[in-house]
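Asks: Here is what each chain is made of, one letter per residue.
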Amino acid sequence: MKALWENLFKNWNRQESLTKTVLKQIPVFHELSDRQIHEIENLCHKRRYKQGETVFKRLAPGEGMFIILSGAIEIFTEDNNDNKKTLAILNNGEFFGELSLLDSDTRSATAIATEDSDLLAFLRPDLQSFSKRSPQTGNKILFNLAKVMAARLRKTSEQVSKNSAELV
Amino acid sequence: MTPQNQSIDRFYTLVLIIISIWALFFIWPYISSMVMILVFAFLFTTILLPGVDALERKIKSRLFSTFLIMGGVLILLFGFLSGFASGLFQQSSDFSQRLAQENYVNELNDLYQRTISSIPGAPNIDDFEKPQLTKKVQVFFSSFMQQILSAAKSGMNFIFFTAMILVFSFILLNEYHHFRRALVSMIPNKYFEVGLRIIHNIEKQMSKYLTGQFLAASSVAVLSFLGLLILNLYGANITLIFFISIIAGLSNLIPMVGPLVGMVPAVLISIMNNLGSEAALSHLMFNIIPSPFFVFDIIFMFIIVQQIDNNLITPILVGESVGLHPMIVMIALFIGGIVLGPLGMLFAIPTAGIIKVIAQEIIFLVRYAHLL
Numbered sequence: 305m306k307a308l309w310e311n312l313f314k315n316w317n318r319q320e321s322l323t324k325t326v327l328k329q330i331p332v333f334h335e336l337s338d339r340q341i342h343e344i345e346n347l348c349h350k351r352r353y354k355q356g357e358t359v360f361k362r363l364a365p366g367e368g369m370f371i372i373l374s375g376a377i378e379i380f381t382e383d384n385n386d387n388k389k390t391l392a393i394l395n396n397g398e399f400f401g402e403l404s405l406l407d408s409d410t411r412s413a414t415a416i417a418t419e420d421s422d423l424l425a426f427l428r429p430d431l432q433s434f435s436k437r438s439p440q441t442g443n444k445i446l447f448n449l450a451k452v453m454a455a456r457l458r459k460t461s462e463q464v465s466k467n468s469a470e471l472v
Numbered sequence: 003m004t005p006q007n008q009s010i011d012r013f014y015t016l017v018l019i020i021i022s023i024w025a026l027f028f029i030w031p032y033i034s035s036m037v038m039i040l041v042f043a044f045l046f047t048t049i050l051l052p053g054v055d056a057l058e059r060k061i062k063s064r065l066f067s068t069f070l071i072m073g074g075v076l077i078l079l080f081g082f083l084s085g086f087a088s089g090l091f092q093q094s095s096d097f098s099q100r101l102a103q104e105n106y107v108n109e110l111n112d113l114y115q116r117t118i119s120s121i122p123g124a125p126n127i128d129d130f131e132k133p134q135l136t137k138k139v140q141v142f143f144s145s146f147m148q149q150i151l152s153a154a155k156s157g158m159n160f161i162f163f164t165a166m167i168l169v170f171s172f173i174l175l176n177e178y179h180h181f182r183r184a185l186v187s188m189i190p191n192k193y194f195e196v197g198l199r200i201i202h203n204i205e206k207q208m209s210k211y212l213t214g215q216f217l218a219a220s221s222v223a224v225l226s227f228l229g230l231l232i233l234n235l236y237g238a239n240i241t242l243i244f245f246i247s248i249i250a251g252l253s254n255l256i257p258m259v260g261p262l263v264g265m266v267p268a269v270l271i272s273i274m275n276n277l278g279s280e281a282a283l284s285h286l287m288f289n290i291i292p293s294p295f296f297v298f299d300i301i302f303m304f305i306i307v308q309q310i311d312n313n314l315i316t317p318i319l320v321g322e323s324v325g326l327h328p329m330i331v332m333i334a335l336f337i338g339g340i341v342l343g344p345l346g347m348l349f350a351i352p353t354a355g356i357i358k359v360i361a362q363e364i365i366f367l368v369r370y371a372h373l374l
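Just so you know, the sequences run in chain order A and B.
Each residue of the first sequence is one higher than the one before, starting from 305 at the first, in our numbering.
Each residue of the second sequence is one higher than the one before, starting from 3 at the first, in our numbering.
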């Protein structure tokens, strides 16, 4: 009887998955309901990258964004003389490559796993087909994405004006 | 990897490919039925998937959504098949009874002679040939009925084949997204994004093609129904027009050959129903062209439907869904017909479309290979 009872209500005390917890923290998926987050979770692809493995290279065609579940990813660019310039080192719960959710342009930087990392890939074709099926949720995601872009643009503008002020 | 190692690697890959093709050639007869079942199940799944996905969002249960959609399809399928089979059986038995009557046979001979004599340049038939004609018609219909019976016997295979397709379709529909994710998880990290791109493009291509074809087939069915209805208003006396229209629509899925198949049941039923009617025998299309039993009217109507479909409906609804050159379409149909007969012709265009997507992605892959 106890076993039956536990079987019937096994989902009641189930812990939220790590994927769901991380997705909820990502600004792109803010204000989405549990059900919508669950749908997004089903769209994402879990990938494991070994230390030193390339996630994507600069100028390669991009298909979507990556979210770090665990591990660390280095984002960098290289000039013609192979001089490496690290742009960021991202850790758990952070994301990169989100520009590729909007267009099919090439990647602006290279991403490499600096330690064994578990990533969650959320790709443009999946977002496009999801938006067709659930336009409301799709719109919410795109609006959040626009907010992220706006914040980054504002930050870049501030940085540019600060740098120009310093130069003057 | 040194250039020498690369060459060895390429050599072994080539040997492996040749051995795989050779092995496939030998095991193909044993697995061909299973492969066909899976291909049909996949196509069926592609058609029904949007419906199941949409219903799942409403009732929040994948299993129940799959049950409802598959149940609806089965009810429609069995309703259509049983309705058409009983209608056709009734039609055939009525016709056999009418044919067995002696006075009807004489009438038939008379009408046949008049038909032949109305054709310019046709030789006159003497009395000696009359009984032969009746005998020929009776032999034809008895052999036709025998063929139907033998077809019913081999129908068990068809039922098994259909049941397997439905079972696989159910599983695929219910687990589609899990299967897709499992397939994607097998792609190495290096080719992950490109691999997903290929899968997505193939899905898009198939979905566009099937939706376009489904809409075009529905339009042909509706137009055929209207055409047959108009012919009936002019006294064509064609029964089972609902079923004939659906057959015309479905056979339209097989390019070039299908439209001809669509008009055959209409012509046969018109002859069956109108045999013995002097008005039908002496009918003139547009009051000019002799069209006994409305045969040429039916053929003309189906040609008009085909022209509307080819020049108006298909370009708008299907458009350039597959984006293949007509010459490639012809070659694909020819190869499909040789390899698998009518089934091969049915699958020729989507297969050619998939090959095109893969070829495009390979070109894309080669261009960006240094960045992967």
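Just so you know, the hints here were simulated from the structure itself, not pulled from any lab data.
Beta carbons: idealized from backbone N, C-alpha and C, even for Gly.
Among the clues, some could well be false.
[As the list claims (entries may be wrong)] Cross-link-like lysine-lysine pairs, in silico, BS3-like; alpha carbons within 30 Å at most:
{"no.": "1", "chain 1": "B", "residue 1": "Lys-192", "chain 2": "B", "residue 2": "Lys-62"}
{"no.": "2", "chain 1": "A", "residue 1": "Lys-354", "chain 2": "A", "residue 2": "Lys-388"}
{"no.": "3", "chain 1": "B", "residue 1": "Lys-192", "chain 2": "A", "residue 2": "Lys-350"}
{"no.": "4", "chain 1": "A", "residue 1": "Lys-350", "chain 2": "B", "residue 2": "Lys-206"}
{"no.": "5", "chain 1": "A", "residue 1": "Lys-451", "chain 2": "A", "residue 2": "Lys-350"}
{"no.": "6", "chain 1": "B", "residue 1": "Lys-62", "chain 2": "A", "residue 2": "Lys-328"}
{"no.": "7", "chain 1": "A", "residue 1": "Lys-328", "chain 2": "B", "residue 2": "Lys-192"}
[Said to hold, decoys possible] Where chain B lies over chain A, by a calculated footprint (3+ residues, C-beta under 8 Å):
{"no.": "8", "region": "340 to 351"}
{"no.": "9", "region": "364 to 371"}
{"no.": "10", "region": "374 to 380"}
Asks: Tell me, which hint numbers fail for this structure?
Replies: 1 and 10
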